[in-house]
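Got chain Y; can you put chains L and A on it based on the hints?
First to last, the protein sequences are chains Y, L and A. Each residue of the first sequence is one higher than the last, beginning at 1 in the working numbering. Each residue of the second sequence is one higher than the last, beginning at 408 in the working numbering. Each residue of the third sequence is one higher than the last, beginning at 646 in the working numbering.
Since the hints were derived computationally from the structure, they do not count as laboratory data. Fair warning: this is a prediction, and the values are worked out from it, not measured in the lab. Even for Gly, the Cβ is constructed at its ideal location relative to N, Cα and C. Keep in mind that a hint or two might mislead.
[As the list claims (entries may be wrong)] Residues from chain Y that keep clear of chain A, each with C-beta distances beyond 12 Å, as calculated:
{"id": "1", "residue": "Lys66"}
{"id": "2", "residue": "Arg104"}
{"id": "3", "residue": "Gly113"}
{"id": "4", "residue": "Arg366"}
[Stated by the list, open to error] Beta-carbon label-pair distances, calculated as ranges:
{"id": "5", "chain 1": "Y", "residue 1": "His167", "chain 2": "A", "residue 2": "Ser849", "range": "39 to 47 Å"}
{"id": "6", "chain 1": "Y", "residue 1": "Val343", "chain 2": "A", "residue 2": "Thr662", "range": "29 to 37 Å"}
{"id": "7", "chain 1": "Y", "residue 1": "Ile380", "chain 2": "L", "residue 2": "Gln552", "range": "39 to 47 Å"}
{"id": "8", "chain 1": "Y", "residue 1": "Ala196", "chain 2": "A", "residue 2": "Gly882", "range": "41 to 49 Å"}
[As the list claims (entries may be wrong)] Partner residues aside, some chain A positions facing chain Y, computed with beta carbon under 7 Å:
{"id": "9", "residue": "Val670"}
{"id": "10", "residue": "Ser709"}
{"id": "11", "residue": "Ala750"}
{"id": "12", "residue": "Asn819"}
{"id": "13", "residue": "Val912"}
{"id": "14", "residue": "Met913"}
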Amino acid sequence: MPTLQRDWWALPTLQSTNVTLTYVLMRNLTRNPLRTGLTAVAFALPMGIFVLALSLVVVLTEAAAKNEKQLRLAVRNKMALTGYLPDGVRRKIEELDPQRQRLRAVCAMRWFGGRVPDTQDTLTSLACDVDTFPVVYSDFELSPEEGARWQSERRAAVVGDGVARTHGWHVGQRVELKSTIPPYLRLEFMIVKIIANSSPPNMFYFRRDYLRDSLEADGATGAGCNLIWVKCTSAANLRALQQEIDALFANSPSETKSEDENAFISGFVQAIGDIPGLARSMALVVVFIIALVAGNSMMMSFRERTSELAVFKALGFPPRRVFGLVLAESLLLALLGSLLGIVPTATGLALIPRQMLISASFSPPRFSALAVVGALTIGIVVGLLAGVWPAYQALRLRTTDALRRVA
Amino acid sequence: MSAADIELVEVHKHYRKGRIDIPALDGLSLTINAGALVAIMGPSGSGKSTLLHLVGGLDSPTSGAVRVGEAQLARMSERELTAWRSRHVGFIFQMYHLVPVLTAAQNIELPLLLFHMPASERRRRVDTALEVVGLTDRRDHRPSQLSGGQEQRVAIARAIVTDPDVLLADEPTGDLDAKTSEEILNLLSLLHADFGKTIVMVTHDPRAAAYGQRVLHLDKGVLDRDEVNPRVAQAVRV
Amino acid sequence: MALPLSYHWRHLLAHRTTTVLTVLVIAAVVGTQAWILGFSVAFNNSLAVASDERKIIVIRRGASAESSSALPVEEFNRLIQLPALAVDADTHEPLVSPELMVQIALPRRRDKGQTTGNVAVRGVTAAAFRVHDTVKLQGPLFSKGAQEVVVGVKAAEQFMGLQVGDVIRLGYGNNREYQVVGFFSARGGPLESEIWTYLPSLQSAHNRDTYSSAALRVRDDVDPHKVVEEIAGPAIGLTAQTERDYWQAQTSRIRAYRALVSVLVSVMAIAAAVAVANTMFTLVAGRTREIAMLRTIGFSGRQILTGFVLEAMMLTLAGGVVGCLACQVWLDFVGHAKDMYAATNFTTLAFDIRLTPEIMVCAISTVITLGVAGALVPAWRAARVEVVRALREA
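Next up, chain Y with everything else stripped away, as it sits in the complex:
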């Protein structure tokens, strides 16, 4: 009989504890709407930056992962980025592996420095070896027809979607570029392919035989390249070839420096402002700030309610529930602030057309579910951490002391 009675009482009591605490929780957040609001805003602003930074990092990481799969090795003049390598270098590299077991193809490129006439828009324009370009850049996915046109049309050009959108170019269009390097040729091209999600967005590839002929027709020398891409068959082969190529040309008049594609790109990116590095350091500072803001708010809130929490304990609420109450409040507050920061930023990223954000030098951040989830996770972790100390204080609260403090 007593057992039954205890069971009968115990169940509803447990239930009502939760209900009461949930009610108290909501009341706590709405009781001081000013603080809840200010905390949410102070949390949301850095959180917005955080999402932005994270989106950019995600985009770059994705691009880097994509590049890595392509197993491309960049070979350039060791002494200067803009220095030339003789055309023989390609052949010597190919001779390292005549059976094509370790490298699939080698494509030499030469800077053109082409500027769209009557604009200040200088594209990343490169003249490429016609035979190997489609193999080395198989990720551009030239269709058989596009491939055939690349081979047959001397003035063929493959362009990034960023440039195409900026200048309203389409496949089949004739376009002109004016070189900004000697001897400042003005050449006409025929677009055969627009690369989707080009990174960077302002790429412009065309045929090196066309450039060579045009240079020689102008009386200049058409020989030499600035950059040689070696498409490898495996990551291990890429590492090995990197060593071998640099060793092959060591102490020659044309010493080389070989890097994988990501190392090569990051060298550029760092020098033009290191936006990814900036994004990473900003993200760190911002997490630091939101953790402090949330922690501060929770400490203030706890301080004001010490006596109230003591009353809960005096009434017989289990300490771990009081602990949970404080923690849950912190979590809710952090979630509120996170959403306030994440939702507008993510919506903005998703809605603002990509070409508005396009910059010549780096891929713009775009909406990334991964970044949103990441930011939300950080928000939740920060909320939990910020609540732990006050919640622990609440747990240890000596009811009598706390009540006397009020009296």
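Below, chains L and A without anything else, positioned relative to chain Y:
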């Protein structure tokens, strides 16, 4: 060593609570002589605290005139009242209202900071006030390190350090035990006797009221009874 | 006299946790702000030096920068005929300097040579030192006969292997060894990021018979923009820009970077102001009765308001000082130098980021202003505490 007389003429004070108009004082008139020690008694809501706030210039009457010494409080602006209070009134509260982060001496010094006064002069006054309330050895203690009675004595020292004309005490013993209350009340009597301050004390404790030369009983915002306490009147003369 | 400062800092100390957390928020913002200010100042100083309106940079038409320009000698010779050219007081020679620019990749000091940057190597003649009058030699000049270079002080700071006695390899095929014989400064301008050597020597090393560019100085009584137009005109047909315009164009990307960072820092600064407001609201709310007591004693509303604003200023000042110190420590840790590429030629411009007292004062006073803005409403609320009601609630 100054004191002021107090005069209230037909004073009304109404509070609005939502839509309802609550009269706290309903046409009260009374006079308190300079240098008198007067206790005001009455049940909760009788208007005794309101009376004290009006005399202290913390609040303005809805109608009627309040005069303390030469000051016509009802005609003064908020700013004038603030300046007047700092010079002429000392307040003592039930809850002491000491600043927890300051020492006893610094708490007492607070009102002096409103005046252009060299630090040495402030120190001299604080020392004197501490001596009067008998807490010279506690000057560097924080409120949390003092007993309730000592806290109230620091509050009294703070009230007298500017040498005001009027001391207003709102339930000064309300939070103290009987023995400590007696010490505080003796201290107030001493201030009255030795320095001739006009002291108005609101209380609902008859033992505290017994220290008053005169006991005013308020009820529902009007003067209910006005008694003279012969024992104290005599004691003062002695 | 108002409330003593000790009253305020004691209160801040009493709310230790809240104070420390708020101070750290402010410190984080001031730290980043000090960095971007330092960067901006370094950048502006550098550009301010390179904004001589009387100096004109001439490159080949169609080229976008010196490094991608090839200026044939006969086209350069047309410049010498310009009547607007200034003339050297001693030698009576026209102030026009033929220059050749090449680039070499050098390992950065910052990461112990893991990455390289492109450094401009400029071949010059004696005329260059008269046209670029900001350049001051520290030590000897390269000799015309030997293969020698002088190094800009910023380049020497930024890159490895540029100390006196070191050897760098130049030339087509990298087969010529040049020895560093001295340094030069250029009042902090972009030229300090370069390496200079004797023009004919560099030309022969690189098999060039052209120049890259010409720098010239115009007479004081001529409008330099007229000269720019004249050079661009049919008689000469070259691209000319005043030094100011040239560097403005070259640094467009760096300015975009700076703008981006500034926007981010501003957003964080607003967040910091909100955090200060939040803290001050709580500090005020916890002290309602105390404020009522102060008002009773005779402190005016304005004094209370001033007091709380002062308290917020102390809070932000502490945050500002901590932030500047943190930024200084960070700079000492990662190095003061930052180099970025100019817009079109991939040549390094090095900046020396220093937290000068002016920068610190600027960063701290900005954040104090924001802190005061954040504290005004709570402080106003403190000043408006209803004395009678607050006393009754006691």
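Going through the hints against the structure:
With 12 Å as the threshold on Cβ separation, the claim that Lys66(Y) sits away from chain A holds: the shortest Cβ distance comes to roughly 23 Å. At roughly 28 Å from the closest C-beta of chain A, the C-beta of Arg104(Y) stays outside 12 Å, upholding its exclusion from the interface. Listed as outside the interface, Gly113(Y) is inconsistent with that label: its C-beta sits roughly 6 Å from the nearest C-beta of chain A, within the 12 Å cut-off. The non-interface label for Arg366(Y) is consistent with chain A: the shortest C-beta to C-beta separation is roughly 17 Å, beyond 12 Å.
Taking the beta carbon of each, His167(Y) and Ser849(A) are about 42 Å apart, inside 39 to 47 Å as hinted. Separated by about 31 Å at the C-beta atoms, Val343(Y) and Thr662(A) satisfy the suggested range of 29 to 37 Å. Distance hint check: the CB atoms of Ile380(Y) and Gln552(L) are about 43 Å apart, consistent with the given range 39 to 47 Å. Between Ala196(Y) and Gly882(A), the C-beta spacing of about 42 Å keeps the proposed range 41 to 49 Å intact.
For Val670(A), the interface hint holds, the least distance from its beta-carbon to any beta-carbon of chain Y being 5 Å, beneath 7 Å. Evaluation of the Ser709(A) hint against chain Y yields a held restraint, the C-beta minimum of about 4 Å falling below 7 Å. With 7 Å as the threshold, the beta carbon of Ala750(A) comes within range of chain Y, its nearest partner Cβ sitting at about 5 Å, so the hint holds. Given the 7 Å rule on beta carbons, the hint for Asn819(A) holds: about 5 Å separates it from the nearest Cβ of chain Y.
This hint holds: Val912(A) has a C-beta 5 Å from the nearest C-beta of chain Y, less than the 7 Å allowed. At a threshold of 7 Å, the smallest CB-CB gap from Met913(A) to chain Y is about 6 Å, leaving the interface hint in force.
Checked against the numbered hints above, the structure violates only hint 3.
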